Amino acid sequence: MAFYSTSEFKGGLKIMLDGDPYNIVENEFVKPGKGQAFNRVRVRNLKTGRTVEKTFKSGDTVEAADVHDTDMQYLYNDGEEWHFMDPASFEQMTADANAVGDAAKWIKEEDICRVTLWNGVPLIVEAPNFVVLAITETDPGLKGDTSGGGGKPATLETGAVVRVPLFVQSGELVKVDTRTGEYVSRAKEA
Amino acid sequence: MLARIRAFFAAAGVMEVETPILSHAGATDPALASLSLSGGLSGDGSNADRRLFLQTSPEFPMKRLLASGSGPVYQICKVFRGAERGRRHHPEFSLLEWYRPGFDDGQLMDEVADLVRAALQRPRLPMERIRYRDLFREVLDLDPFTSPVRTLRAAAITAGIPDADRLDLERDAWLDLLLTQCLEPRLGRSGMSFLCDYPPSQAALARIRPAAEPLDDQAVAERFELYIDGVELANGFHELTDATEQGTRFARDCAERRRLGLAEIPPDTRLLAALRAGMPASSGVALGLDRLLMIATGATHIDQVLAFPVERA
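Protein sequence lines, in the order shown, are assigned to chains A and B. Residue numbers 1 to 190, in the UniProt record's numbering, belong to the letters of the first sequence in order. Residue numbers 1 to 313, in the UniProt record's numbering, belong to the letters of the second sequence in order.
Think of the hints as simulated: they come from the structure by calculation, not from any bench. The structure presented is a predicted model; accordingly, all values stated were derived computationally and were not measured. For each residue, glycine too, the CB sits at the ideal point set by N, CA and C.
If you want a taste of the chain A side facing chain B, the calculated C-beta under 8 angstroms gives, among others: (1) S7; (2) P32; (3) G33.
Derived, one-sided and incomplete: chain B residues facing chain A with beta-carbon distance under 7 angstroms: (4) H89; (5) L179; (6) E232.
Input sequences plus hints: build the corresponding full structure.
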């Protein structure tokens, strides 16, 4: 089992606390002129996404979390789980709804996703920052309106609903920012 | 800023000195991590296998100068401390350290205030003195000299310090936690705050002033720290000059290091010899120049005042 000393703490380090994997968001070293030093640390629980503060006595050690990020190709959903493949080794893995979370409404087959593995099991799946998806349903909108003011809801091929400008029609491809869930532009091809 | 500091000491009649950065002895203080070099001293067989320590401060050789009759001395030098890195910490930093024979800690605090005013070019920067005990009493409503650990822990929990309910700390470490988390940010908000009269358990190399009823019902360490804008800038002592007491503190440090599983550090026997020969009663202080420059420039991270931080050195 690997351990980290507080002197190795820095943003991005993955550690185990109370049985859950955490990501160090911020580490502040505090020390009085003479005496005991401390590390004040903000950590994010990788399972729940919640951020909490912790205090460590400098020199203490914590267990390292076997967490790393890898790019994987999304293959298909079997109704319960999402199947991914490592494009280099062709190794396949499944992620549950908890891990996929919001990414589920953006990804489609063959998309490359950033997958965070914990002990070799997908913990978090992130959709690509931008995806290009076809509109399956939207109101016809007003002819001649090219300003984009106002907008209307459009349902995409993955089931996600985004607001698009009035001139965008069913069947067209649109580029969406998955971090904000907002329409970016029309797209020619994926 | 360095030119102003040198002009200040020239006018005050304090001599600039240089002492070795590498020494056969290190700092035994369990809170300091000495960096060391071994081997590599080629050219002289007698030194080839020696381990040498990079100084954590020039305190011991400067005290040897005092004992040999140097009179008041100051030094601007690089010092090194392992395992210290953060917004206000860098393993290699610049220290201004000076010693005043015949001064007590109160007189030296006044001189530190004058030096800082000159260095920052803020001649009217006000100063205040706050006793360690009074600060804890006023802000946290507890006596840092007598309160048991459970009271200190309760205060830390009340103050909202994360994990205060489960941290396993010794008494002084609880005081350090409360000081750094709850009290330091309040210090030096409108000038210079000198925190003084520390608990004897945190004396380091300061004299202990015995209890003198009714004003002081507890002995205190004649130690002070200067804060500006919540940043600790300097640490000073009315210096311990008793060789026997110094030897006892070294031995206690070494025992504590063994108990904590820290690296063994050989105490400075040459300092003990100098104290035995006689060092004049003096006060001394070390002031972090990188932090002073941070205050002068409004920097929020020490890297902003370093040409090349250690990661890019």
